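J.: Spelled out from the first residue to the last, the chains are:
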Amino acid sequence: MNIRQEMEMEEIIYRRPSTLTELSTGYCPGCTHGVAHRLVAEVIDEMGIRGQTIGVAPVGCSVFAYKFIDVDFVQAAHGRAPAMATGIKRALPDRIVFTYQGDGDMISIGTGEIVHAATRGENITVIFINNANFAMTGGQMAPTTLPGMKTTSSPLGRDVEQMGYPIRACEVLATLDGTSYVVRRSLHNPKNIRMAKKAIRIAFEAQARGMGFSMVELLSTCPTNWGLSPVQATKWLEEKMLPYYPLGDYKVHPTLSDLKI
Amino acid sequence: MSRQLLKGNEAIAEAAVRAGLQAYFGYPITPQTELLEYLSLRMPELGRGFVQAESELAAINMVYGAACTGARVMTSSSSPGISLMMEGLSYIAGTELPVVMVDVMRGGPGLGNLGPSQGDYNQIVHGGGHGDYHCLALAPSNVQEAIDMTAEAFDLAEQYRMITWIVIDGLIGQIMEPAELPPMQPLKTSYPDWATRGAEGGRKARLLKSFYVDTLEEEAVNIRMLKRWQEAREHLVRYRAYYMEDAQFAVIGFGSAGRIALSAVRAARAEGIKVGLLRPLVISPFPEAVVREVADRLEGILVVEMNAGMMLDDVLLATEKKTPVEFYGRVGGNAPLPDEILEEIHRLAKGPLTTSGHPRDRWFNRISKNN
Chain R
0 MNIRQEMEME EIIYRRPSTL TELSTGYCPG CTHGVAHRLV AEVIDEMGIR
50 GQTIGVAPVG CSVFAYKFID VDFVQAAHGR APAMATGIKR ALPDRIVFTY
100 QGDGDMISIG TGEIVHAATR GENITVIFIN NANFAMTGGQ MAPTTLPGMK
150 TTSSPLGRDV EQMGYPIRAC EVLATLDGTS YVVRRSLHNP KNIRMAKKAI
200 RIAFEAQARG MGFSMVELLS TCPTNWGLSP VQATKWLEEK MLPYYPLGDY
250 KVHPTLSDLK I
Chain A
0 MSRQLLKGNE AIAEAAVRAG LQAYFGYPIT PQTELLEYLS LRMPELGRGF
50 VQAESELAAI NMVYGAACTG ARVMTSSSSP GISLMMEGLS YIAGTELPVV
100 MVDVMRGGPG LGNLGPSQGD YNQIVHGGGH GDYHCLALAP SNVQEAIDMT
150 AEAFDLAEQY RMITWIVIDG LIGQIMEPAE LPPMQPLKTS YPDWATRGAE
200 GGRKARLLKS FYVDTLEEEA VNIRMLKRWQ EAREHLVRYR AYYMEDAQFA
250 VIGFGSAGRI ALSAVRAARA EGIKVGLLRP LVISPFPEAV VREVADRLEG
300 ILVVEMNAGM MLDDVLLATE KKTPVEFYGR VGGNAPLPDE ILEEIHRLAK
350 GPLTTSGHPR DRWFNRISKN N
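For the protein sequence lines, the chains are R and A, in the order given.
Numbered by numbering that gives the first Met the number 0, the letters in the first sequence go through residues 0 to 260 in order.
Numbered by numbering that gives the first Met the number 0, the letters in the second sequence go through residues 0 to 370 in order.
Please note that the accuracy of each hint is not assured.
[What the hints assert, rightly or not] Just so you have them, the derived chain R footprint on chain A, three or more residues with Cβ under 8 Å:
{"no.": "1", "segment": "60-68"}
{"no.": "2", "segment": "145-158"}
{"no.": "3", "segment": "208-218"}
{"no.": "4", "segment": "284-292"}
No lab work stands behind these hints: they were computed from the structure.
Remember, predicted model here, so these are calculated numbers, not experimental data.
Even for Gly, the Cβ is constructed at its ideal location relative to N, Cα and C.
Chain A on its own, in the form it takes in the complex (with noise of 0.2 Å):
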């Protein structure tokens, strides 16, 4: 396979129809659509399984409903269709099903606007829906990630019968880049013997379902899904590490801002401050233990993200409050510039450094300064 130049929602829905995705349905949302329209003519042109629900809630259950059969399976939307789909989402982890969805985030909250943002942070890393379960969450930076990241998707899906998520934005989804796709993969040809497809041959009725009457029934499965969680969080420990061997600060960021801010690191190590980058590709699990890990050797953290601090909560747990960390955020469907970051880094190198107080109250008030 050669590189192609290609537009990263148009590069997601290609890779995961070579992922052997069975079935897709959407609804159109902005900037998502072009994933919905891709899959309208691919899918139904290989026989497989497309529709355009009438609603993101209706087009969750769909997925719900495809999923029971054991079948890989899709939806992709954008913000406040992700929040539509909340319902659909609880009920998929509580019946412990496999599917890959792909969040196109925009800004917030409400209908907001069509800017880049990761204002959905909170909603899939640490909840969304009712009730006791986790997601797997890839977030990747660029069109070659977002494909590589999504064929594996469906595999860490099914592994863990969770609910794997492809985190982007506009940014992500919209831009043309060159990129390799992987070959075509053949379809399922084997089900779990959970998957409900008729019981053929006399065999035992299956039955699907998140409704445990018993209340210690449902303690046990939500008991056996925290134990898939916990493993996740031992080995779906994913990061990119730049130039942080000698660093004395670093910058962490994922999906856009970590993309954005390397260009910032790098103009930062021009100036020869020693500066790296720590970009999480998997942000659920978060990777906890690395960040711990790598703070212990650092001076100061930079936190940079499209939103007010959402991941920012998730580090400062991590680092326990031992090492200082500072905030920089863009909120409203905005992304930082280059030469924002890197100013937040020459303030990170000049210090004081304080481990004390909030990161997101100084920022706070920095910004509150100038609006």
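So that you can see chain R by itself, here it is in the shape it has in the complex (with noise of 0.2 Å):
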């Protein structure tokens, strides 16, 4: 048996999602944004659903996103995307949209759009990539970034006293009656890499069972704007970070915890 006929007999297990373009990511090394793009990718493969969805993409690092994930993509203004994806989902209301944000975007310029998207309970889908800090201008101060924590607007860390307390988006939005799916998930290691994947399908799927308004947040790694290497980052998200934002279910809705995946 030859090589060729070896591979044709084996069964391919894993391999570039359709929905990923071919381009490589331009994120720095060790950045998970890569790894967030790639799961999205995969459910909207696994759902079948390409033909039908629409992204928002954010400002920030993620500002690229629509020259990865191969579907129709929108660019929002600064904190805007959860308007911009009311804006097309009340138009096609039959349509996946979902918004691409980190948490500069989000929960910082964006609060208020979040908090209202949440709470009409707003048929999308957010992925909040959460890497506490304020990644593409170059590391400042984020809404999120974690007591003591020193970024270039904070130098001397962050002083609670003076510069107040990370806000805890899951914690916040799971308050509110429109949320059907609520979740944190962290993408320090393979095990909940695959967690995540789980909750991003639960996410989409709760959007296209009409259920209302779903996130998935991402604490995510940036070790440039961090300063650490990539394996150090990994290791001060699993001391550092979670801690701080602990990983689980803040809002699941009853259907949705009988869903097999």
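Hints in hand, dock the two standalone chains.
T.: In structure tokens:
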């Protein structure tokens, strides 16, 4: 048996999702945006919804999400993605509409839009990347920056007396009746990446079932702005971010808890 | 169809519905709120999109999203709310999307008041948001014109891929007048090849954005937009001329100011003064060629506005200071009375007239003596 025959006999268990373009991502080494992009693309592939899906890209590092996730995309103003997604969804209620937003975008400048999209029960899905800083502009303090954490705009560390406390977006949004699925996952190791994938699938399934607002928060690394190597950054996420941002399910509609994915 | 007694704001709302409005997003603000209220019942009744947004900021971004699908979309607000929308409007312009905007202007700056005003002229005609872009703006002076212009605004927005404004104030928004509504048009069934509606059938994914990292690409987009603007400047010239055939003098004013000026012009005609009225129906693009042409035949022009002379600057550019121009304005949410304008026509007819100095300075010197 030659190699070709052997390959043909083998079952392919891992390949580039067809909804992921062949471009290499321009993200920094060790950044988890690429992983998050891939998970979204895998879910779109598995649900067979590429032709019905419209993405809304944020302002921030993932402004270029549209280059990598191969669906119809629009590019929102900073923080306004949930409002833009609302407009698309109200014009095309049978489509799947998702936003992909960073923490600076979603829970700083876009706090009003995300809270009201959630409380309206807007039938959209939000992929929320939390890496505890404004990464694209070079690592400034975000609302999610940990107490004591040094950034370029909190060079002595975030002093909560002066700069306030971080926002835990899942905990806030889960209190709103319009939400169907609000969970926090992390991308720091393979086990958690698998759990994140499953959560993204459930979030999209919630939308497909018309159940209202769904959001998956993904704790993510930012080695460049954290000043750490990729491996150190993963460790830092696990040691520093997980205690402040506990992983878990903050809101799960009863119908979804029975869902077998 | 027969004429009905219709309130301006509600007439605009129903005219938009009949023009095939598919989604509306708005926020309450006086003197525009009837538009939102009317559509809050009417749109769901027809199975069309309606959201009362949490802010004007959100409303305009909902409009932005819905416009990306190629649907006919609209929002309405009043001056302070329009200011808040300027970020979204710049993005919509930069993405080359057709949307219809209604501004029921009120007194300002700041929170101002609810009085009628034309203080948003510069914000709408000369900018507002950041970057190089232009909008189309239609300025009705009565309920029937508001209906007709709203119906056409959607076509113009799509033809030029531009933000298209209906610019009125509380006088026209709140007045009830007999007017006729057009018949109900069917909703769109085909969509342009740029619309992001889901890449069905394995087609190539589409992208709508106002973001071009490559500055040369951004420049090309700006030039493409300018090309459409130049086309609009050439083809979208609309105005109404009253008593202009033998006129020695002309009043120029749009919207409510133009309507009030007509009463003054008629009174002056009754006195034997050969004065006409030029009322631009489209204020953006400003009908500069028409103004230039009539100015050559006139001894003097009086510009009347409910602001401190915003369109005045466009008139002065058009006349190239060859024809004497005077100005009369009321600011802060006040409308002029016909008698006030008649007095200004008397002053114009009596002379002396000059092309030197600035008409705003002369107006300001006159009014500041009384204030």
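J.: Look at each hint and say if it fits the structure.
T.: How the hints compare with the structure:
1. Remark: the segment 60-68 of chain A is confirmed as covered by chain R, as 9 of its residues place a Cβ nearer than 8 Å to a Cβ of that chain, reaching the required three.
2. Note: the segment 145-158 of chain A has 0 residues with beta-carbon separation from chain R under 8 Å; the three-residue rule is not met and the coverage is violated.
3. Under the rule that three or more residues need a Cβ within less than 8 Å of chain R, the assignment of the segment 208-218 of chain A holds, with 3 such residues.
4. Using a Cβ-Cβ cut-off of 8 Å, 0 residues of the segment 284-292 of chain A lie near chain R, which falls short of the minimum of three, so the contact claim is violated.
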